[in-house]
Amino acid sequence: MRTSFTVLLISLCVGCGEQPKFVHRAEFEDLAPYAQDYVNQVLQSHFGEPTDMVVWDRLPLKEHTATATVVIDNIPSDEKVKEEEEAAGTPRTSITGPVSVRQLELDLNSQNLDIGEGTELLWLDGPLEGFPSSWVTDWDAETQTVRLETPLHDLPFNGDQVVLGPGEVLVQGRLLYAEHCQHCHGVTGDGNGPTAPYLNPKPRDYRLGVFKFTTTKRENRAAREDLSKVIEDGVPGTYMPSFKLLTQEEMTSIVEYVLWLSMRGELEYQLISLISDEGYSVEAIRERVADGESYQSIRDEFIERVNDPDEFNYEVDTIVSRIANDWEASQSEDALIHPISPRVPYTPESIARGRELYLNESLKCAQCHGEAGYGNGSQIYAVAKMKNGDDYPVPGLHDDWGNLVKPRNLHNGTYRGGRRPIDLYSRIYAGIKGTPMPPFATLVRRSDPEDPSSPLTDEDIWDLVNYIYSIPLDGYLPGQDPGASAPESEGVAVHSFE
Amino acid sequence: MKWFWCCFFTFWPILAVIVCLASPSLGWWFPGASASPLGERIDDLFYMILIISAITFIGTQAGLAYVLFRGAADTDKDPSHKAWFSHGSHELEVIWSVVPAFILLFIALYQMDVWAEYRVKDAFPQQKMRSVLERLGQERDEDSSLALAEVTARQFEWRIRYPGFDPETGDLLPLMPEPQATDLYAVNDLHLPSSSPVMINLKTMDVQHSFFLPELRIKQDAVPGLVIPIWLEANEQRTYQLLCAELCGWGHYKMKARFVAESEEDFLDYLHRLHEEQNYDRVENSEDVAAE
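Residue numbers (UniProt numbering), protein chains in the order written: chain A, 1 to 498; chain B, 1 to 292.
No wet-lab data here; the hints were simulated from the structure. Don't take every hint at face value.
[Unchecked claim] Computed cross-link-like contacts, DSS-like style, restricted to lysine-lysine with a CA-CA straight-line distance of at most 25 Å:
#: 1; chain 1: A; residue 1: 202; chain 2: B; residue 2: 256
#: 2; chain 1: B; residue 1: 203; chain 2: A; residue 2: 244
#: 3; chain 1: B; residue 1: 256; chain 2: A; residue 2: 229
#: 4; chain 1: A; residue 1: 229; chain 2: B; residue 2: 254
#: 5; chain 1: B; residue 1: 256; chain 2: A; residue 2: 244
#: 6; chain 1: A; residue 1: 202; chain 2: B; residue 2: 254
#: 7; chain 1: A; residue 1: 202; chain 2: A; residue 2: 21
#: 8; chain 1: A; residue 1: 244; chain 2: B; residue 2: 219
#: 9; chain 1: A; residue 1: 217; chain 2: A; residue 2: 364
#: 10; chain 1: B; residue 1: 77; chain 2: A; residue 2: 244
#: 11; chain 1: A; residue 1: 406; chain 2: A; residue 2: 385
Okay, chain A solo, but in the shape it has when bound (with noise of 0.2 Å):
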């Protein structure tokens, strides 16, 4: 009893919680012991841990509160300074003590945060740049004025780059994905947190880079929209909630975390990967030994291909690029999904073409979804090959995370990547990105297939949309009221259309 007490006297005292620290991929225990030790420097020189980041500039995020220019009218640019420097025939920066400057005009560039008491002020170049930050006590955004804590050391130039907040965003964002995310998702990202295992299907891992609803399309990823989108309504059919009352600030801390996170991740996968690849599991090490090599000898020249900048640095070099442009590059306008023309109008034509299309044997709708829609086809009776080409234990569809996935029984009227037009178009044009769910942008074609100058349609797909829009309501159009009559009207399906 006594013994206890003491030990809840003591946990309350000290609180239950060690600092959060990131977790490896499983695959990380199959390397060689200074294989890992590499993987963990790259990662916390370039990621840290979650209580301690480091931002990398090399990653496309919008992690500082705002970037800025200093504006400067009255105070005199580069060269005017050096002709007074001339003139007085002393060097600027003689001047004795600090200038007591404490506001500054200055030109946003961009604004993730707002700007307000305590933002830290870092001097990017200029007089100031080396010098400690500067801390600001007010922010007049009319004026796009800041008012500092304490005066400056030395005047600025005009067009000086300075940085407030640095970090902040993904600070923010940490704080609030632990608070809101992090028990499904885990620290890591990983979807591992200690409410996954109640959970199915399982919660999003980020590290693959893979996000499933997008309306990108298939070579990009998401789009921060996607993701955002997904924050603020959920995902129905899964446990993702509806996150409605963010506000737009929290909303892009958090999506900054995730893909800071997902980047992480991508990067100890793919380095992971690659360090396997050149011969430095375990398992691998074993081989090249027993073909006559000697332990000493890998780990030689493991440690030569470390230091060699042309070797391991350039492969991580390289990796983040990739990763870096492939983000970048999925948030321009032309990574979106633009439909070539608009939705073709909800009508029983319509509706019976999308079904004729959904029967139809190329298109293979009805080996995943089942003829009727109810997500049965038999694709879900076959064995799937892993990517390392064993058979999955269980028969059935899975997912790039492993997971056995369904199809999509459409009677639900659920529709997990949003209801919008746009968002069923998404789903069948580029696919689900991640699942076995393929693409059909072929079915963008000529207008006239006689007439190869004819213009692009992309009315097939709208068909089918309309037509998996009208598997729920059981065939009923807009007008129609199936309430009353619902059931007598059982069977009446949309097999009436045909």
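Guided by the hints, dock chain B onto chain A, whose structure is given.
For chain B alone, kept in the frame of chain A given last:
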């Protein structure tokens, strides 16, 4: 020692009364003044019961203190003094059974019409509800539902279905029990007209939840398999909290939503916005494409 116990048992009720009196100014009271006419009447009922309980509590505690101090003083004077032993007094038993019984009966009868108006569908202000729907231009007939939205609770959010607009006339359609092609959907964001009674249907997709509008004093469990009508009338055009008041699972605390009471025009505008959003196909300029 006996004086210590006398003070001890007197101290706690006094503290309880002081804390109770101070609590409104400490923010430990209701979540703001009632924001609906029915809520005001519910508050009145609460205050009536509070006053009855307060009188009873102070009376009995004052009696207890009196008996304690009196007994202590008596035994101070004469250590062999014996207290009056009342156990088994038929008269007293009758008094303290009948008086509370009358009080309870009075409360039961007094609250009846508020309860009926709150919960019994026939006692709902149906005429007023109908006129709101007519003012919104809904295409109604005798059998059309009075509900303006269907709120479905699910682990862990509120999904809302509104009737949509007639594609031909552009008028608001009545809410149907089953989903329609024209229906409009929202999540965690309930918009309804203010200043007149409106009805919603409450459902749940999974476990039991509870629809709670603290400022409007509305709380109704959502029970699997049932469609429960609730009506509400927000006095002011503003945003209220919407919470789940039934521990529904590990994510119970995530079921925070907002209820926006707005003017009838703004409500229709909101539905039009939802309609726009829900029919968004990201084709900015269809004429341009057609011309290509």
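Hint check:
1. A:202 / B:256: It holds: about 23 Å lies between the C-alpha atoms, which stays within 25 Å.
2. B:203 / A:244: holds (20 Å)
3. B:256 / A:229: With a Cα-Cα distance of about 17 Å, the restraint between residue 256 (chain B) and residue 229 (chain A) holds, given a limit of 25 Å.
4. A:229 / B:254: Roughly 17 Å separates the two Cα atoms, so the pair holds.
5. B:256 / A:244: Status holds; Cα separation ~9 Å.
6. A:202 / B:254: holds (18 Å)
7. A:202 / A:21: It holds: about 21 Å lies between the C-alpha atoms, which stays within 25 Å.
8. A:244 / B:219: holds (21 Å)
9. A:217 / A:364: Roughly 21 Å between the alpha carbons, so the hint for residue 217 (chain A) and residue 364 (chain A) holds.
10. B:77 / A:244: Distance ~72 Å between residue 77 (chain B) and residue 244 (chain A) Cα, so the pair is violated.
11. A:406 / A:385: holds (16 Å)
Going down the numbered hints, you'll see the structure goes against just number 10.
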